[in-house]
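Here's the letter readout for the chains.
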Amino acid sequence: MSGKYTTTRRSAFALGALALGGSQAGMGAILPSRAIHQEEDFKAAPGRIYEALLDSKQFTAFSGGRAADIGHEPGAAFSIFAGHIVGRILELAANRRIVQSWRVVPWPEGVHSIARFELMAVGSGTRVILDHTGFPAELAEHLASGWQDNYWKPLRKYLD
Amino acid sequence: MSSIHQEIVFEASPKRVYEALTVAQQFSAMSGGAPTEISAEAGGSFSCFGGMVVGRNIELAPNQRIVQAWRAKPWENGVYSIARFELKQEGSQTRLVFDHTGFPSAQQEHLEGGWKANYWEPLRKHLA
Chain A
4 MSGKYTTTRR SAFALGALAL GGSQAGMGAI LPSRAIHQEE DFKAAPGRIY
54 EALLDSKQFT AFSGGRAADI GHEPGAAFSI FAGHIVGRIL ELAANRRIVQ
104 SWRVVPWPEG VHSIARFELM AVGSGTRVIL DHTGFPAELA EHLASGWQDN
154 YWKPLRKYLD
Chain B
6 MSSIHQEIVF EASPKRVYEA LTVAQQFSAM SGGAPTEISA EAGGSFSCFG
56 GMVVGRNIEL APNQRIVQAW RAKPWENGVY SIARFELKQE GSQTRLVFDH
106 TGFPSAQQEH LEGGWKANYW EPLRKHLA
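Top line first, the protein sequences correspond to chains A and B. Position in the first sequence (from 1) plus 3 gives the number in our numbering. Position in the second sequence (from 1) plus 5 gives the number in our numbering.
Simulated from the structure, these hints should not be mistaken for lab results. Quick caveat: nothing in here was measured; it's all calculated off a predicted structure. Ideal Cβ placement from N, Cα and C applies to all residues, glycine included. Just so you know, not all the hints are guaranteed correct.
Quick list of the computed label-pair ranges, beta carbon to beta carbon [stated by the list, open to error]:
1) LYS60/A to SER97/B: 45 to 55 Å
2) GLY96/B to GLY67/A: 50 to 60 Å
3) ALA97/A to GLY56/B: 17 to 27 Å
4) ALA79/A to ALA66/B: 34 to 44 Å
5) ALA66/B to ALA140/A: 22 to 32 Å
6) PRO40/B to HIS75/A: 26 to 36 Å
7) ARG159/A to SER97/B: 54 to 64 Å
8) HIS75/A to SER44/B: 12 to 22 Å
9) MET57/B to GLU144/A: 20 to 30 Å
10) LYS93/B to HIS75/A: 34 to 44 Å
11) ASN82/B to GLY74/A: 13 to 23 Å
The following block holds chain B by itself, in its conformation from the complex:
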């Protein structure tokens, strides 16, 4: 079983980063207009990138932490990973400390590149 740890600094407040990740309209805009649904409730479901990524919010601490049960559509039935986003204010910037655990280990390299290409880079552009 593998895990991913990534830290990225954004030129935006924790609030802006949190909202880009949890408000469907912003996430959709960030991801190039792909259909997005994100519940604002802990326990609520989400669907991103036109349904390619789905799951449930496990914990939502506004502007501070997002924990999701996260699965890619082609994964075996019932398989979920844990994606945790911790937001730490550093002056006018935000350090996003990301931990991804419990995914199928064969997906390690694919996911490492995927977080960069599908989350952090578009998020940087969206927040600029």
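One chain only, chain A, in its complex shape:
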């Protein structure tokens, strides 16, 4: 299945709308914000995919041996691809949903994105629905192909 991204120019209406009393309202650069939405079908059941995405050993194995350290409680930190990507678990619904704050270490300080994985049983297999939002807009294409190359393809190979 193909990944796609959408782009929406934010409204200029908000900018400068906050002249509160004597305070100054800034005019930030107008940048488009983008989102990635990908749907991927796997032969494996939702439980196997959920575990592969959250279990440090399994994630390390499918990602080519690059160290993964993934906490299991909401709020816990994770580090994957040998520390290249870090974040926190925001929400877990067993075998159904994983929501993470997700950040590539070289990104500017304070910049984090949200990665949401919804797992839907389709027959005996699983449809993984990824929504990735809040990342630097110029990285949309790079990230869209990164999900394919670093998650879905190796995960499919690992599970099949």
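With chain A fixed as given, assemble chain B onto it according to the hints.
Then chain B, alone, in the frame of chain A:
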């Protein structure tokens, strides 16, 4: 997917602004006494405005930066946005540079007004 960028200058130090946003008692006072819980830990959860806004702290840099996974209660399950508050000292004032990304795009105008009415205006009064 939409985003919001707002900058507001407060007549207070970064420390006072940071604490008003991260100390539950102060946030509650600022928001008219609404029940508030805010963890002091990165990864910890928060609940503001009597549970209408919930999420988790992603990053806390005292007096400098707050990054939250932020969701309004009625949003679809599993949907979070990123709210980033950067605090920059400007003399005796603080410039709060706010970026909100990843929320449902239909919420854009509602949220733009909401940050002003529910955060910045009450925060100005609280800090005065």
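| request: Given the hint of 12 to 22 Å, check if HIS75/A and SER44/B actually sit that far apart at their C-beta atoms. | output: Cβ of HIS75/A to Cβ of SER44/B: about 18 Å, so the range 12 to 22 Å holds.
| Taking 26 to 36 Å as the hint, is the beta-carbon distance of PRO40/B and HIS75/A inside that range? | At roughly 29 Å between Cβ atoms, HIS75/A and PRO40/B fall inside 26 to 36 Å, so the hint holds.
| query | CB of ALA79/A to CB of ALA66/B, is that within 34 to 44 Å? | reply | The hint (34 to 44 Å, Cβ to Cβ) is violated, given that ALA79/A and ALA66/B are roughly 20 Å apart.
| Regarding ARG159/A and SER97/B, is the given constraint of 54 to 64 Å on their beta-carbon distance met? | holds (58 Å)
| query | For the pair LYS93/B and HIS75/A, does the Cβ-Cβ distance stay inside 34 to 44 Å? | reply | holds (37 Å)
| query | Should the hint that ALA97/A and GLY56/B are 17 to 27 Å apart at their CB atoms be regarded as holding? | reply | holds (24 Å)
| query | Does the Cβ pair ALA66/B, ALA140/A satisfy 22 to 32 Å? | reply | holds (24 Å)
| For the pair ASN82/B and GLY74/A, does the Cβ-Cβ distance stay inside 13 to 23 Å? | For ASN82/B and GLY74/A the Cβ distance comes to about 21 Å; the hint holds.
| field | Beta-carbon spacing of LYS60/A to SER97/B - inside the hinted bounds 45 to 55 Å or not | value | holds (53 Å)
| request: Please test the hint of 20 to 30 Å on the beta carbon pair from MET57/B and GLU144/A. | output: violated (36 Å)
| task | Note whether the CB distance of GLY96/B and GLY67/A lies within 50 to 60 Å or breaks it. | result | holds (52 Å)
The structure does not agree with the numbered hints 4 and 9 stated previously, though it agrees with the rest.
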